[in-house]
Amino acid sequence: MFHLWTLAPALYVSLFFIRRLTLPLAYKIGFVALIILACEFHLISRLVYGNMFSPEWQRPVMIAQGWLFVSAVLFACLLLLRDVAALLARLLFRCQIPFLLSVMPLLILALGVSAFGVIQAIRVPNVRTVTIAIPNLPSAFDGTRIVQLADIHSSRLHPREWVEQVVNKANALQPDLMVLTGDMFDGHVSQRYADVEPLRALRARDGVYAITGNHEYYFNYRSWLRVWESLNIPFLLNTHIRIEKDGQSLVLAGVTDEAAIKEGEMGPDIARALEGTQPSDTIILLDHRPGNARVNSHHGVSLQLSGHTHGGMIRGLDIAIKPANNGFISGLYRVGEMNLYVSNGAGLWNGFPIRLGRPAEITHIVLNKG
55 MFHLWTLAPA LYVSLFFIRR LTLPLAYKIG FVALIILACE FHLISRLVYG NMFSPEWQRP
115 VMIAQGWLFV SAVLFACLLL LRDVAALLAR LLFRCQIPFL LSVMPLLILA LGVSAFGVIQ
175 AIRVPNVRTV TIAIPNLPSA FDGTRIVQLA DIHSSRLHPR EWVEQVVNKA NALQPDLMVL
235 TGDMFDGHVS QRYADVEPLR ALRARDGVYA ITGNHEYYFN YRSWLRVWES LNIPFLLNTH
295 IRIEKDGQSL VLAGVTDEAA IKEGEMGPDI ARALEGTQPS DTIILLDHRP GNARVNSHHG
355 VSLQLSGHTH GGMIRGLDIA IKPANNGFIS GLYRVGEMNL YVSNGAGLWN GFPIRLGRPA
415 EITHIVLNKG
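Counting from 55, one number per residue, gives the positions in the sequence shown under the numbering used here.
It should be emphasised that the hints constitute simulated quantities derived from the structure, not laboratory data. Just so you know, these numbers come straight off a predicted model, no measurement behind them. By construction, the Cβ of each residue, glycine as well, lies at the ideal position given by its N, Cα and C atoms. Treat the hints with caution; some may be incorrect.
[To be verified] With beta-carbon atoms standing in for the labels, derived distance ranges: (1) Phe56 <-> Met158: 24 to 34 Å; (2) Val420 <-> Arg113: 55 to 65 Å; (3) Gly411 <-> Pro288: 19 to 29 Å; (4) Ala187 <-> His353: 32 to 42 Å; (5) Met158 <-> Arg326: 25 to 35 Å; (6) Phe147 <-> Phe70: 28 to 38 Å; (7) Arg259 <-> Leu58: 48 to 58 Å; (8) Val184 <-> Ala80: 53 to 63 Å; (9) Pro78 <-> Ile173: 28 to 38 Å.
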């Protein structure tokens, strides 16, 4: 079904744009073939590499492919709006809207906006600083600084050099705590180890901790766990640790992702993750999916850090994405007595590489008592 959805823009553009061009048939066939290949690269990746999440093409090819696919989707949407407007003009006002004069500017707009969006998607993210007030924060942790790296999605699109720059920016903040909230790679160990290896250089006074996202379970999860052990990045898999400072403590907990269940692994279990904590504890929870926030808020959690949504990627696309995430897409929310922060993510999946109005981020969180 997914591949039919991605084929739809190619079919619409072919039928209602390319077919109407005054070009030789060979040129039309070539353009149709190009747009179908651009829109069906997920299927091609599945057939060639066994999955659609990690095509192993060179980065320039990945960028060009992403640009063509995003352009096709955007142009199809603009073309549909133009066709509806032309139909209404003909029915209501009995006037014709010139085809090429009305369509060519839309094509140029789609190509230009898509190019800008892809550039925004693949650049090294800037730091976004967020101050979060937690009433029951122990005084010893007032001013604690946390760096959250969400959705790195290391791949041919976000290779080792890109990861190294993200690590350098994160370390430059000299945080008290560093957390990675899932979806850190796309590919098997043999394909991605060199790209994620720079993460071993992450440093924070109270440690670097991680949880799984859904993508961790798509590529031999157990093999990757051994890799993270070798990189000295402990995972909080339905468990917690206690950070001590000046006789006071802060609980950092993490849960697995629900994608684990399909792979026969342990699904998210908030009760198990918090087993042994006290009602008076200040709890920071790492949960890849923000949609679980309302459930987690009933377990005494003070702050939940999530990713998964990539911020919606395009401002305004929230309308389509919100229902799947219980309304939580980007930024800071108040859920009952709990704070929820949803990071836009440092990277994103290479299957739809665009950001418009939802920039990537290295999240720098400052905790205040209040």
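Evaluation of the provided hints:
1. For Phe56 and Met158, the hinted distance range of 24 to 34 Å is satisfied, since their beta carbons lie about 31 Å from each other.
2. Val420 and Arg113 have their C-beta atoms about 35 Å apart, which leaves the hinted 55 to 65 Å range violated.
3. For Gly411 paired with Pro288, a C-beta distance near 35 Å fails the hint of 19 to 29 Å.
4. For Ala187 and His353, the Cβ-Cβ distance of about 20 Å falls outside the hinted range of 32 to 42 Å, so the restraint is violated.
5. Judged by the Cβ atoms, the range 25 to 35 Å given for Met158 and Arg326 is violated: they are separated by roughly 59 Å.
6. Between Phe147 and Phe70, the C-beta spacing of about 21 Å breaks the proposed range 28 to 38 Å.
7. Distance hint for Arg259 and Leu58: a CB-CB separation of about 50 Å, consistent with the stated range 48 to 58 Å.
8. The given range of 53 to 63 Å is respected by Val184 and Ala80, whose C-beta atoms sit roughly 55 Å from each other.
9. Against the hinted window of 28 to 38 Å, the Cβ-Cβ separation of Pro78 and Ile173 comes to about 34 Å, which satisfies the hint.
Consistency with the previously given hints fails for numbers 2, 3, 4, 5 and 6, ordered from lowest to highest.
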